[in-house]
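Visitor: Sequence lines, in order, name chains A and B.
For the first sequence, my numbering gives the first residue as 1, with consecutive numbering after it.
For the second sequence, my numbering gives the first residue as 1001, with consecutive numbering after it.
By construction, these hints were calculated from the structure, which means they are not laboratory data.
Among the hints, erroneous ones may be present.
[To be verified] EDC-like mimics (lysine to aspartate or glutamate), calculated; alpha carbons at most 16 angstroms apart, straight line:
| no. | chain 1 | residue 1 | chain 2 | residue 2 |
| --- | --- | --- | --- | --- |
| 1 | B | K1196 | A | E34 |
| 2 | A | K112 | A | E134 |
| 3 | A | K82 | A | E13 |
| 4 | A | K46 | A | E13 |
| 5 | B | K1196 | A | E13 |
| 6 | B | K1456 | B | E1440 |
| 7 | B | K1196 | B | D1207 |
| 8 | A | K82 | B | D1198 |
| 9 | A | K112 | A | E13 |
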Amino acid sequence: MRASDAPQATGIEVVATQPTKADRATLAMFESTERKTLPGAAYIVKVRLKTLPEPTSRGFALYVGDLRIPKYWTYRQGIWFKVFDPQFFVEHKGEPIRFSLNDTEFVKTRLKLTVPKMAKTKGGRTAARLPAQEDVLK
Amino acid sequence: MGALANPGLPGSLSFDTVIYASAGSNYGGVPALSQYTIYDTPDPAYVTPRINISVFANLGIGAPWPFPNTSVPLNGHVCIPRGRGPFPLAVFAHGNHDPLSNSTPGYLYLCSLLASQGIVAATIDVNFLNGGNFGENDARGIVHLEHVKQFRTWNSTATHPLHGKIDLNRILIVGHSRGGEGVGHASFFNPLPAIKPDIFSPTVPLDGSAGLGPYRFALKCIAAIAPTDRQYTPITGPTVVPDSYFLIHGSRDGDVSTFEGYNTFNRAHAVDLANPTVSDGKLKALLWVLGANHNQFNSTWPIFDPSPATTMPRADQEQVAKVALGALAQALLLDRVEYMDVLRDHATAVAWMPAGATFVSQYQDPERVYLQHEQEAVAPPQISLPVQGTAAADAVTATRVLKDLVNSFAPITTITLRLEWNAPGARLLLQVSPVTLPAERYKVLALRVGQSTEPKNAPNRDQDFTIEVSSGSRTASFPGSSVHRLIYPDVVFGAGKIVMQTLRLPIASLVERGVDPNDIRSVEFLFDRRSSGTLYVGDVQVSN
């Protein structure tokens, strides 16, 4: 695997979604272990790719600016990761999306992190009219 | 080798192979998952619970898994020796591969071997984490630990066939590829009561209160086969494996062509600069297999790497794995300490290996005192405290470098000594104060040395030099080549990798030549056997 094999990103989209049952448990863990109150939404960051990553041992880490995104997953059109704390978007808005095989050399894309439309919340909880994740990741 | 039996050959015990699995997956209802239907009908005594890994991982879309990440199964194959036991436990995990192809049975050839030798050996299903995902290797480690936990549960369940049959003080976990990285994380997670996996995740208890853990297993060793490194990085920094660590990797690995497990190896049991004589009591060893590739360590994975013509035949590569991991298991799980010699020096195993196979090996014993560990700073070479003395170069350029020896292209934090000479007779003299070097308490003088593809080394020719050890007026000289070959790198993927060989010079052989180990005054690298060269030195130590 070489730098030239890096994923070719064609678009980025951030969508506030309804938390899944597992997400609700995760949000509860945030509240209990880190005393952090978060909006009741799960923000899905989708990076569209020309082709999906191959299931090989090695892989490209995804960066937003200088921040290495810890993990990403695949959907039919690319890769995605999930964020619970919207502060992430405040801190990294407009930063470039990059890939790296080794954390020392980077492959640029034309993409920058966008900001989700913040869901209207009531009492710290997101309205249930947000889309379901399974629909967003179709 | 004496009476030592080949650890790569089956032992005398009969064993049974059992499939264990979580109930209700119904893979048979999903045509794409036909390779997994074997887990639809587990042995009735071996039905397992499911686990929730949702804080650690999502499932890929590469396969239509019939379960969510909140309810992944514990599926596997276990080879159980017949007899009362208790038997040690070894658990293997595969790495990333096409999720529609079941990677789990690919280590049954190793499980069968170990079971015949008296070890309960399992290979586990982590296929639901396979695909185009990235960063999920912490989840692989958690799944691995949960399987070990399941064996502990069975061992303590009075009505279970495995009751009392497993020796929980003797556990080996083995992972291949991303699973090889995963076992390092498992070792790191094993003692923890909780973990915050990453910046986007909350702290997860690992004490059983939320379903995962507790672990705290007596892991005798972590074995990584061609592992990746740092795809998952804990918030506290790259994983430092706290248990004994064994690494095996092939020079023709076209997938993990970066040999990045070497960086895991370097971080494990490194010198503590504040307490350089203090050991954590753990060993580490590696075996670099010339010609081996990535996929052939798993018997079901097709060759992905270089063409078959340029790699070791599959049968040979499996034989190497059986001998290496068999010896590891004999030594550390079955307490047959004579097999430690295979870890210390691959030459011990040469008769058991495929004819003509070439290896490089490293070994660091828990008991050691460094003359030089090189880690003080990128500065002129020195003798490392608490040993006192001086390092003097004569006609050899001796520089400490932060060199990426194996072309992993990752950040490098380990310093290596580079030696280059242009004419015979150059030397590096390490003079030491004898009272500060307790060589008489140790069995060997050990040094790690390797050559590069730089122009001072003749291509495809072994490098060589003379090691001279002096006490008072007596000097013992040994060609490095009399201890081991210093082979020219296998140049396959870009520049060849500098994989240092541990040269273990018995203290007894110094004594035979009149050198008093209570009074060692110098160790000299004399470059009199090649007209020029470039060598890298990892460390010099007295050791066991």
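Visitor: Does each hint hold? Answer for all of them.
Guide: So, going through the hints one by one against the coordinates:
1. K1196/B to E34/A: At roughly 10 angstroms apart (the allowed maximum being 16 angstroms), E34/A and K1196/B satisfy the hint.
2. K112/A to E134/A: violated, 24 angstroms
3. K82/A to E13/A: holds, 12 angstroms
4. K46/A to E13/A: holds, 5 angstroms
5. K1196/B to E13/A: Violated, at roughly 27 angstroms.
6. K1456/B to E1440/B: violated, 37 angstroms
7. K1196/B to D1207/B: holds, 13 angstroms
8. K82/A to D1198/B: holds, 12 angstroms
9. K112/A to E13/A: Between K112/A and E13/A the Cα gap is close to 10 angstroms, so the pair holds against 16 angstroms.
The structure does not agree with the numbered hints 2, 5, 6 stated previously, though it agrees with the rest.
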